[in-house]
Every structure is written in C-alpha cells, then in structure tokens.
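**Student:** Here's the letter readout for the chains.
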Amino acid sequence: MQIQTHLLIEDLLNRTEKATRAVKRFKELSIEQLNYKKSATEWSVLECIEHLNLYGDFYLVEIEKQILAHKSKAPSTVFKSGLLGNYFANLMQVKDGKVNKMKSPKDKNPVNSVLTPTTLDRFLKQQERLKSLLIQAQHVDLTKTKTAISLTGLVQLRLGDTFRFFVYHIERHVLQAERIHAGRTSPHLSTSTVG
Amino acid sequence: MASGQAFIENLINILDIISEQRTISKGEFLIREGQIEKNLYYIETGAVRVFHLSEFEEQTIRFGYEGSFINSLYSFIKGTPSEFYIEALRKSTLRVISKGQLLDIVNESNERLKQYNSLLETLVCQQIEREIDLLTVSPSERLRRVLERSPNLFQEIPLKYIASYLRMTPETLSRIRNS
Chain G
-17 MQIQTHLLIE DLLNRTEKAT RAVKRFKELS IEQLNYKKSA TEWSVLECIE
33 HLNLYGDFYL VEIEKQILAH KSKAPSTVFK SGLLGNYFAN LMQVKDGKVN
83 KMKSPKDKNP VNSVLTPTTL DRFLKQQERL KSLLIQAQHV DLTKTKTAIS
133 LTGLVQLRLG DTFRFFVYHI ERHVLQAERI HAGRTSPHLS TSTVG
Chain F
540 MASGQAFIEN LINILDIISE QRTISKGEFL IREGQIEKNL YYIETGAVRV
590 FHLSEFEEQT IRFGYEGSFI NSLYSFIKGT PSEFYIEALR KSTLRVISKG
640 QLLDIVNESN ERLKQYNSLL ETLVCQQIER EIDLLTVSPS ERLRRVLERS
690 PNLFQEIPLK YIASYLRMTP ETLSRIRNS
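Protein chains in written order, with my numbering: chain G, -17 to 177; chain F, 540 to 718.
With the rest of the complex left out, here is chain G (with noise of 0.2 angstroms):
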C-alpha cells in the first residue's frame, strides 16, 4: 500500500476525533451501565476502553520515542507501507461493520479488574496525545522511521503502519464497546477474545 503522507494522517486524524467523540458519550452513562457485560467471560464498555489504554501505554511512548528521535531534514511526501505492518493494519481494519475475532495477549486482557470512570478520563487524555503525535509525524518520515511492537522484540514496523495499526485498533474496540452498550452484540464480537 502506497499513500501520499498527508492523506494517510488527515484519514488517522478523522478517525481518532470520531473515537473520542464516541468515548465522550460514554461518560454519561452510569457506572452500572459501564461495567455491564453479558456473561463473566466477555467485555463491559470499561474493559473494552482499559483494553486500549493498556495498548497505549506502551505504543504512545513508543512512537513519542522514535518521533522525537527521528532526524531525517526533508521527509519523503509518500508512505510506502510494510509487508508485514499492512498485514497487521488490515488485521485490526473494521470492514463493513465486521470484525474478525482475534485473541488479546494476558497482558493487554483487562477482564474483571476494578475499573473507574477514570478509564474513560484515562482514555481521552490519550486520544489527545495521539492526535498531537500524528500532527507532530507531518514532518516525519513515516516509511524510515521505525518503531517497535508490544508483541516481540524481533520486529520493527514502519511509524506509518503502527499509526495505523494502532488507530484502526481503537476503532475497533471503540465499535466493540458501542455495541455492548446498544446491546445488540454482533457475533462477529461475542467473545471476550477479541483482539
């Protein structure tokens, strides 16, 4: 996948206003409501948020890190995506509503841990520092600036593809969390393994 650098952060920049827009509404609802959940194994809205947040403790200072690092004076206007990096990017891609079912890691699973409305809080908080990483990666060269991944240290990704991995798998759980609470969870999502 080839895109022209400031098209692929203006779509990156579209998609995290709407989820913090969506998280926003969500702090209207009750704290009953928050942690409801159909059955022990599966997600609440608080779970599905803390999911994110625990993604963005460790991707956030990540991609800060290799921002901040980076050097090159003239960044290229076009993002060539990476084999791998679009492979994961189009794992996480919501497509017509649908969801294809994955496993969360132990580490990133926050099933039945005490959850706050500061995780929402947590969460937005988050989201503006996404969206000020995304302005500041305008000037960044997003195919040779590399960051590493949460899963194992023996791949790096492209800075392109981790913002797109990452805010596409907001995205993601974001629908997740919107269906719980519209209690029409879609099959696609049933389970508490989801990605």
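Derived from the structure by calculation, the hints contain no laboratory data.
Just so it is clear, CB atoms sit at the ideal spot from N, CA and C, and this is done for glycine as well.
Check before you lean on any hint, since a few could be wrong.
Selected chain F positions facing chain G (Cβ under 8 angstroms, derived; list incomplete) [said to hold, decoys possible]:
no.	residue
1	E572
2	L592
3	S593
4	E594
5	E597
6	Y624
With chain G held as given, fit chain F onto it using these hints.
**Tutor:** Relative to chain G, chain F alone:
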C-alpha cells in the same frame, strides 16, 4: 501557627451547627477533573486521596485523614475547573461547608480574618514541604520525610497509594520498609 489552630477549632465548632453531613462509599468521588470545587470538606471518619490523572497513570498527591480538611484547593480558590480528583479510600463521613459559608465565617471579625490568614500560612508551608518531598532524590529519604509528618500513614492508607504518593513502585516501597 497557634492562631491557625484556633481558627480550625472554631471552624469545627461552627461546622457542627451549620454544615451538612455527607457519607460517601469507597471509590466514590468528591470531585472529578473538570468540575469546579465549591466546598470545603472536614473528614469525620474515613480517608480520601487527591490524585492527578495523566495519559498513563494516577498520581496521588495528597491524603485526607480523619480530622483533616480537604478539597481541590486551586479550583476552590480560583473558581477554575479542578485538575484533580478526590476519591474515598473507604466509607467516609464528611462535613460539607460551601465557599460562601466559609467566607462569611472568615469575615465575621478581624480576629477570624487573622486566624484564617494564619491557617493559609500553614497551608503554604505544607505545600513547600511537599515540594521538597518531590525534589528529594533518595526514595528512602522521601519515605522518612513523610513518616515524620504522618506516622500513622501505613495504618490509614493502602500501600499502593502511598507508593504513588512517594513516586515509587509498590515493590520499591516494600523493599525499603523491609530493609
């Protein structure tokens, strides 16, 4: 200092008469970020913590014990949205007094005003103490300073919040205590 103490004693006596009592359960918030602090709270029983939320963690900055006053002070003084949360660490009963009520009491006489000034001086000094805490590099020295001020800390407050207050992990805190 003595005069500030006098104000507190007066205030507690007055609170018995004019303030409303509120009970909050563990995990409930007295105030959340973004809200404006309109009250001063006196803790009759229980304990609370004041914390600041970042993208990555909750940083505990102050505790309120039985017999102490607490609120989100900056917001209370300036009338701006609070940067802090105050959460009950267990079931707590509080006396609530509004900013208006407090100012009425303060402005009642010259003597009261002096006492109130003295109380504010005490608060400023406490803030400076806390500032030195945060500037202190050695973790064990940070713990020693806090225990001097609040010897009952570990009886009142769960370990993980003390660790957050001291800017160290719970594991580091346990290690220092045991050594």
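**Student:** A separate judgement is required for each hint: does it hold in the structure or not?
**Tutor:** Status of each hint after checking the structure:
Among the interface hints, the one on E572 (chain F) holds; its C-beta lies about 6 angstroms from the nearest C-beta in chain G, closer than the 8 angstroms criterion. Interface restraint check: L592 (chain F) against chain G, minimum CB-CB distance 6 angstroms, threshold 8 angstroms, status holds. This hint holds: S593 (chain F) has a C-beta 7 angstroms from the nearest C-beta of chain G, less than the 8 angstroms allowed. Because the closest C-beta pair between E594 (chain F) and chain G is about 4 angstroms apart, less than 8 angstroms, the hint holds.
Because the closest C-beta pair between E597 (chain F) and chain G is about 7 angstroms apart, less than 8 angstroms, the hint holds. About 7 angstroms separates the beta-carbon of Y624 (chain F) from the nearest beta-carbon of chain G, less than 8 angstroms, and the hint is met.
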